[in-house]
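Under the numbering used here, think of the first position of the sequence shown as 7, with each following residue one higher.
There's no promise every hint is true.
Within a straight-line C-alpha distance of at most 20 Å, the following computed DMTMM-like cross-link-like pairs (lysine to aspartate or glutamate) qualify [said to hold, decoys possible]:
(1) K188 with E253
(2) K83 with D61
(3) K231 with D306
(4) K127 with D61
(5) K231 with E253
(6) K143 with D82
(7) K143 with E89
(8) K231 with E204
(9) K26 with E65
(10) K83 with D68
(11) K292 with D265
(12) K104 with E89
(13) K88 with E65
(14) K188 with D173
Pair ranges (Cβ atoms, derived) [as the list claims (entries may be wrong)]:
(15) H186 with K231: 53 to 59 Å
(16) I221 with L78: 25 to 31 Å
(17) L291 with R245: 19 to 25 Å
(18) E56 with D82: 24 to 30 Å
To be clear, the hints were calculated from the coordinates, so they are not data collected in a lab. No experiment lies behind these values; they were computed from the predicted model shown. C-beta: ideal position from N, C-alpha, C; glycine also.
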Amino acid sequence: MGHENAAEQAKVILRSSKLKYILSTSVTEACNNSVLLLGPRGCGKIAVLELVLEDLSKENPDMVTVIKLNGLLHSDKNCALKEIARQLCLEHQLMFSKMASFDDNSQFLLSMLRECGLAHKTIVFVLDEFDLFAQGKQRLLYSLLDAMQSVTSQAVVVGASCRLDADQLLEKRVRSRFSHRKLLFLPPPANDLQRLVEHILLLPRVSGIPNDYIIAFNAKLLQYKSIHDTFQTSDYYARNVCLRAFEHLLERSLVAFEDNRGHDQSAEFCPVKLLISWHELQQGLKSNCFCPAVLNKLMDREC
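All chains, please: the whole structure from these sequences, using the hints.
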């Protein structure tokens with residue numbers, strides 16, 4: 007219940023956010039807009055945008071079309087326009103032609119912007135990794151922003167980037183058509199980030215999964231966390247020190263190579279076998295007062 011209340015509170019805050027205001031006014035007042043969401047990776051830019059778009063679609067059903075592009079996949083202008091045409095055709099149940107040229111897709115985009123504008127429908131272009139679109143001649147950005155200068159069009163360009171200077175990468179002709187709205191996202195505090203990770207990894211109590219399985223799964227995960235936390239205080243050993251310790255194990259006949267190839271290849275990449283029993287190994291670790299606690303924990307789990 008605590009997670010659900012927190013989620014509802016977050017949605018209430020988003021409904022009064024500046025991003026929600028920019029997008030909602032574009033839909034209700036039939037105006038064009040552009041905005042940049044800037045912040046480090048993992049700070050929630052796209053997650054917040056998704057929630058706002060979901061809320062906007064519920065408030066204005068059949069009035070919002072969302073086109074999503076990613077600079078890692080669609081930074082090439084031909085590929086980007088083809089993907090825009092594909093998503094528009096899918097959204098409006100039209101036939102998509104894979105053989106259409108760049109000019110054909112450009113004309114199709116302009117006609118769709120015009121028709122959606124006349125029907126009082128808004129097209130939202132989401133450009134993730136925006137800085138990758140701001141490379142080369144920036145023809146895609148220029149085409150989108152220039153088309154939005156038309157009286158009949160009704161569209162919003164939302165760019166998301168981890169580069170805080172993403173707007174400075176724009177050419178003069180593109181920058182002059184951009185609204186220069188920027189929303190800065192800060193990284194979450196360490197405590198909030200830890201709670202988020204726990205919320206993602208741990209199974210919720212209220213679900214269709216049997217309660218016994220949920221308890222056992224969460225207990226195993228917390229046990230793994232207790233073991234993993236010991237790594238933070240473990241000593242760092244250089245590679246040559248580790249190899250020297252491995253040589254001591256070989257000399258004392260505690261381990262041996264699986265075959266003779268170990269003498270010809272690098273020792274760290276060769277399979278080895280243990281020459282003593284698990285019981286002997288466990289007794290040896292327990293009798294050594296300098297043995298790290300993590301080794302004893304791992305041994306107890308294996309046995």
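Enumerated hints in conflict with the structure, sorted upward = Hints 1, 2, 5, 10, 11, 13, 15, 16 are the ones this structure does not satisfy, whereas the remaining hints hold.
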